[in-house]
Amino acid sequence: MYYISKYIEIKEGCIYKNGELEMQSSTSDFSDMMKEWYKSLHLSYPKFYKMDDLCKMAFIASERLLEGETSKEIALLFSNSEASLDTDIKHQQSIQTTDAYFPSPAIFVYTLPNITIGEVSIRHQLKTESAFLVSDEYPIEEMHTYTEYLLQHKKAEKVVCAWIHKLENSYHAFFYLVENQGDLPHTKQIINKIFI
Amino acid sequence: MEALKQELKERIIDVLNLEDIEIIDIQDNDPLFGDGLGLDSIDALELIVLLDKEYGIKLADPKQGKEIFQSIETMATFVAENRTK
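Those sequence lines, one after another, are chains A and B. Using the numbering used here, the first residue of the first sequence is number 1, and each one after it goes up by one. Using the numbering used here, the first residue of the second sequence is number 1, and each one after it goes up by one.
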């Protein structure tokens, strides 16, 4: 049996840890909110400012979830319903007309959802199994099965499972860590219960 | 030329999202890559777009960037000599 040892949720201007309010933003603007949380965590990682919104949210959620973790054998399984569409739209706008055709390389590199996994891996020095699933709803069945496989076959010591949604003004991140110990059994029923 | 250097510093900070850096932190002869501002290869491509968009300079060979983007000084000299807008 494996367990969910901790979970983080970002929604409606707040960060919740294990269901308890941990941080609340003073702004409703997404970029300002991410910047505010980055600064309040006293981090020094200038690349954060270059990330797109999806990666910034993955970065903040991972910082809170993996705080104090020393293991480097942590697999990453992320998912959402729109891949990198939020940044794809920004890229499209920069190439919309031939008169102002200036695609930004810095935006273009984020037109893939699994870049979120790359950014978190670089930050936490993880060289582990990973996957990004695109699905209308959180793919509990696949995430649960894949996580159990990775742990049972010693492919990883721990697994970060995540739903990370960002499209225009709508956003929601839900991250949880699965490992050998914890308070919540890693079952589909429990995942359903804590995924609000 | 001084005004152009100031303008380049402002634009670089803006387009490269160098949030923790201010104009006063960038000296004219500081290396932009490596130990200087610590820019990376994506930043180099972004600077090539900046030259095109703001000054109408199209680099025929991206390798030219290595010389042009050594510092604000070299970049300003190149822009002053080649700008079309």
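One or more hints might be untrue.
[Claimed, not checked] With beta-carbon atoms standing in for the labels, derived distance ranges:
(1) Ser26/A with Glu19/B: 15 to 21 angstroms
(2) Thr74/B with Glu142/A: 30 to 36 angstroms
(3) Gln24/A with Thr77/B: 45 to 51 angstroms
(4) Gln93/A with Glu73/B: 30 to 36 angstroms
(5) Ser44/A with Asp52/B: 28 to 34 angstroms
(6) Asn18/A with Thr74/B: 52 to 58 angstroms
(7) Gln181/A with Asp20/B: 37 to 43 angstroms
(8) Arg83/B with Ile194/A: 56 to 62 angstroms
(9) Glu148/A with Gly36/B: 57 to 63 angstroms
Source of the hints: derived by calculation from the structure; they are not laboratory data. No residue lacks a Cβ here, since even glycine has one placed at the ideal position from N, Cα and C.
Verification of the hints:
Restraint check, Ser26/A to Glu19/B: a C-beta distance of roughly 18 angstroms satisfies the suggested window 15 to 21 angstroms. For the pair Thr74/B and Glu142/A, the beta carbons lie near 52 angstroms from each other, so the given range of 30 to 36 angstroms is not met. Range check, Gln24/A to Thr77/B: about 50 angstroms between beta-carbon atoms, so the 45 to 51 angstroms window is met. Separated by about 34 angstroms at the C-beta atoms, Gln93/A and Glu73/B satisfy the suggested range of 30 to 36 angstroms.
Taken as a hint, the range 28 to 34 angstroms holds for the pair Ser44/A and Asp52/B, whose Cβ atoms sit roughly 33 angstroms apart. For Asn18/A and Thr74/B, the hinted distance range of 52 to 58 angstroms is satisfied, since their beta carbons lie about 53 angstroms from each other. For the pair Gln181/A and Asp20/B, the beta carbons lie near 39 angstroms from each other, so the given range of 37 to 43 angstroms is met. Take Arg83/B and Ile194/A: their Cβ atoms lie about 58 angstroms apart, and the range 56 to 62 angstroms holds.
Roughly 48 angstroms separates the CB atoms of Glu148/A and Gly36/B, a value that falls outside the hinted 57 to 63 angstroms.
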